[in-house]
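Chain A is fixed; fit chain B onto it per the hints.
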Amino acid sequence: MLKSWKLKEVVLVSVLSVVFAVVYLLFVHIGNLWAGLIGPIAYEWIFGIWFIVSIISAYIIRKPGAAFISEVMAATIEMLIGNAIGPRIILVGIVQGLGAEAVFAMTGYRRYELWVLMLAGFGSAVTSFVYTYFMSGFAMLEPGYVATMFGLRAISGMVIAGIGGKLLSDLLLKTGSLRGYAISRSGNVHG
Amino acid sequence: MSLHDMNPTVKFVTLTLIMFGLALFYNPRTPLVIIVGTLLIQLVATDVSWKKWGMFLIPFLITAIGTFWTTLVFGKNLEGETWMTILGQDITDEERRIAVALSLRVLAFTVLSLLFMMTTDSKRFVMSLMQQAKLSPTIAYSALVGFRFIPLLQRELQQLQYAHQLRGVPFNTKWERLRHVPKLLLPLLAGSIRRAERIAFSMEARGFTSGKRTIYDKVEVKSSDFVWSGVLLTLFGIAIWAGI
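Top to bottom, those sequences are chains A and B. The first sequence maps to residues 0 to 190 in numbering that gives the first Met the number 0. The second sequence maps to residues 0 to 243 in numbering that gives the first Met the number 0.
If we strip away everything but chain A, and leave its shape as in the complex, we get (with noise of 0.2 Å):
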């Protein structure tokens, strides 16, 4: 899978990977002052921030395994950094990352436009939640309010991941400090 890669390019997602561990950090700290008082549901809306990485760097870098790999190594470096989910973090990584690395797949990683970056954010949502529903105990719940917490949980995937996510990198891509990255050299650029 790394083959094809360049240093830069693993070195580039592993930096993006510690600011967003970061942010992702944050995030759990704001959801879990919630959940306390609204339950686990507290996460869901919210839970479109942690696919962000994927998206990024799948975005920037355009090569397989751009979006499991930033989204594993954010995991992990969230949990060196104090994440007290601790060995898990790097298992819901995985899994969230397998989501959105499915989907790049799929398009055969030729295609970054909105709309496959918003299933990508889906795709995440749904790896995601399988994971949750096993994990927490789900199947104890009633199956409305866990539908509940699964379309919240889409629309956060595609809304803040992937519109999001898209947002940021044009940002970025106008800063001109991605060029020398797959994405300057797209054509739907104008920075």
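Watch out, some of these pointers could steer you wrong.
[Said to hold, decoys possible] Derived DSSO-like pairs (lysine-lysine); straight-line CA-CA distance at most 27 Å: (1) K50(B) - K133(B); (2) K182(B) - K165(A); (3) K133(B) - K2(A); (4) K221(B) - K2(A); (5) K217(B) - K2(A); (6) K211(B) - K221(B); (7) K211(B) - K173(A); (8) K217(B) - K122(B); (9) K5(A) - K182(B); (10) K2(A) - K211(B); (11) K5(A) - K221(B); (12) K211(B) - K5(A).
None of these hints come from the bench; they were simulated from the model.
Same frame as chain A, but now just chain B:
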């Protein structure tokens, strides 16, 4: 023989297996035994700071409480004696049992995770993943670069704040500072991306390649690692038995 010396990859795999296993059980006793057992192991075989441990635990206590009442209110209806009535909804003994089980599960996960976190050195973990779990060295070293990047990021964030302050952004109260953070994200990212490129070039200039490499910092698997693995899995066995 302390848990701090256990091979990080073996520790990771063992604890992850137990956590996955735990998700299969819906009785309160299994997670409870795991919590008590893990705390005993932590007491005997580690020298973690319990104060720090407590600080990490607090947010998860909140999550556990949230899980408890969510399961009570939004849980599936189960047959049984009525335990109490909330908002006109009858809650049976069986429903309460499930709610206790799921919130204890949250705590059991947390206790196991903290055992790993507080007894594992980050660098040694990455090195061990590279040597035992065949993680690509390019990724391993890039991750370590990223990890070392954190203090730099803090300094850069500070500088960006000063720069914005000079241009008249008010930073007097904590709230003003916090509210402005999203606006710092973009320049922070742009600067980091440029720096990442320079780091990659300097790694290459120093001869870093993705080819075969020799290892100075060896992390090995010893027989005591399997003893520890056995102890932890035995605890899980006892927990399953206690739940039957």
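- prompt: Among the hints numbered above, which are violated by the structure, and what are their numbers in rising order?
  reply: 1, 4, 7, 9 and 11
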